[in-house]
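Enquirer: Respectively, the protein sequence lines represent chains A, B, C and D. Quick note on our numbering: the first sequence kicks off at 55 and runs consecutively. Quick note on our numbering: the second sequence kicks off at 55 and runs consecutively. Quick note on our numbering: the third sequence kicks off at 55 and runs consecutively. Quick note on our numbering: the fourth sequence kicks off at 55 and runs consecutively.
Since the hints were derived computationally from the structure, they do not count as laboratory data. Just to be clear, a hint being listed does not mean it is correct.
Pairs of lysine to any residue, SDA-like flavour, derived with a Cα cap of 25 Å [stated by the list, open to error]:
id : chain 1 : residue 1 : chain 2 : residue 2
1  : B       : Lys-63    : B       : Gly-133
2  : C       : Lys-158   : B       : Gly-133
3  : C       : Lys-158   : C       : Ala-139
4  : C       : Lys-63    : C       : Glu-131
5  : B       : Lys-58    : B       : Asp-153
6  : C       : Lys-63    : D       : His-98
7  : B       : Lys-146   : A       : Glu-131
8  : A       : Lys-146   : B       : Ala-59
4 protein chains.
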Amino acid sequence: MELKAAQQKVDEWISQFEEGYWPPLANLARLVEEVGELARLVNHRFGTKPKKDSEADQDMGEELADVMFVLLCMANEQGIDMDAAFEGVLEKYRVRDGDRWPRKD
Amino acid sequence: MELKAAQQKVDEWISQFEEGYWPPLANLARLVEEVGELARLVNHRFGTKPKKDSEADQDMGEELADVMFVLLCMANEQGIDMDAAFEGVLEKYRVRDGDRWPRKD
Amino acid sequence: MELKAAQQKVDEWISQFEEGYWPPLANLARLVEEVGELARLVNHRFGTKPKKDSEADQDMGEELADVMFVLLCMANEQGIDMDAAFEGVLEKYRVRDGDRWPRKD
Amino acid sequence: MELKAAQQKVDEWISQFEEGYWPPLANLARLVEEVGELARLVNHRFGTKPKKDSEADQDMGEELADVMFVLLCMANEQGIDMDAAFEGVLEKYRVRDGDRWPRKD
Chain A
55 MELKAAQQKV DEWISQFEEG YWPPLANLAR LVEEVGELAR LVNHRFGTKP KKDSEADQDM
115 GEELADVMFV LLCMANEQGI DMDAAFEGVL EKYRVRDGDR WPRKD
Chain B
55 MELKAAQQKV DEWISQFEEG YWPPLANLAR LVEEVGELAR LVNHRFGTKP KKDSEADQDM
115 GEELADVMFV LLCMANEQGI DMDAAFEGVL EKYRVRDGDR WPRKD
Chain C
55 MELKAAQQKV DEWISQFEEG YWPPLANLAR LVEEVGELAR LVNHRFGTKP KKDSEADQDM
115 GEELADVMFV LLCMANEQGI DMDAAFEGVL EKYRVRDGDR WPRKD
Chain D
55 MELKAAQQKV DEWISQFEEG YWPPLANLAR LVEEVGELAR LVNHRFGTKP KKDSEADQDM
115 GEELADVMFV LLCMANEQGI DMDAAFEGVL EKYRVRDGDR WPRKD
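Kindly produce the complete structure, drawing on both the sequences and the hints.
Expert: Right, here's the structure in full:
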């Protein structure tokens, strides 16, 4: 799936409801809620917190995709093209961080 | 850009360094750092906090893409296909939330 | 309750278990999980997200205190005196931000 | 310092400005910003991310206290007594989690 198509899928989903997109601060709160659920899973899997049985089958891909869904909501609500934004970040890293860590031989 | 290609671009970037991918808890901490920068920008733009001049030209697309970059690092480190994970989340929403909010006529 | 006493209550609680304090990155993940639950509640109460009945009686004080509990765990694990740290932050604000916003007459 | 006194210090600070307390979603965004700064420091100290020199003298107590300051802002804005809320959380843990982890002999 193209990033543009992913943004469009999100838009089709949101557009069918009267409520439409939430404003940025409410979207951010939802993003934080989803990052919190990801944190819970990461801690259960890779941290010190013992995993309860009922959470044994949670899926990290699902938690990551839940976060991505809200990111794309925030982008859509602001009319941001994530494809261009992501290319920009890759370019920023190349310029800023290319010499920041030791490279492999 | 396809989501798969975005994951591959991230992998090409990370793979050139000796350090490689961080473990999940360190990646999560970096995700939280990037979400914090997004929160700062959202509050400056849409909240009550007055914007300082030096931050006037920050770009929300860049902050969103910084978050997405770390998400894709976490996915790559775990061998997760975000394309499939995102399709799964769209399907979950269709099943779970299709009747949760009033639809447009 | 004094801040020092609050830190000591946390220490008494944690000290009774074999596991003891978690390391900083795991504590941070738990902090993020608790902040996520707070975000969910804040969005339900003050955002656009409709509140489900089962969450109608959640308590914001409880969510704030859950976050504070993890903060004090992180402080204890590092041997940090939050009383002194909090005084330092108040002093920082006085020096840095005293003229940042318009004062009342 | 008592928790009540800490809440009062925050109130004295905020009350001198025209702007007063922010609404809950804006306070939450600020909390997330501060948690992001804490995450950055924790990753620098205890994670895989290399520490830059300019950040060598950052103080974890300060970052924790910055988070606590915003927590107390949120409590004050909602008229919440953190002393009572914290006692409630300690009691919740005693009831819910007293048998959750192995105790020391």
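Enquirer: For the pair we were handed, Lys-63(C) and His-98(D), check the Cα-Cα distance against 25 Å.
Expert: Since the Cα atoms of Lys-63(C) and His-98(D) sit roughly 29 Å apart, the hinted pair is violated (cutoff 25 Å).
Enquirer: With a cut-off of 25 Å on the C-alpha distance, tell me whether Lys-158(C) and Ala-139(C) pass.
Expert: 28 Å, violated
Enquirer: Is it true that the CA of Lys-146(B) sits at most 25 Å from the CA of Glu-131(A)?
Expert: 22 Å, holds
Enquirer: Would the pair Lys-158(C) and Gly-133(B) pass a check requiring their Cα atoms to be no farther apart than 25 Å?
Expert: 56 Å, violated
Enquirer: Does the structure keep Lys-63(C) and Glu-131(C) at a Cα separation of 25 Å or less?
Expert: 13 Å, holds
Enquirer: Check whether the Cα positions of Lys-58(B) and Asp-153(B) lie no farther apart than 25 Å.
Expert: 31 Å, violated
Enquirer: Are the Cα atoms of Lys-146(A) and Ala-59(B) separated by 25 Å or less?
Expert: Holds, at roughly 18 Å.
Enquirer: Sort out whether Gly-133(B) lies within 25 Å of Lys-63(B), counting only the CA atoms.
Expert: 14 Å, holds
In this structure, the earlier hints numbered 2, 3, 5 and 6 are contradicted, and the remaining ones agree with it.
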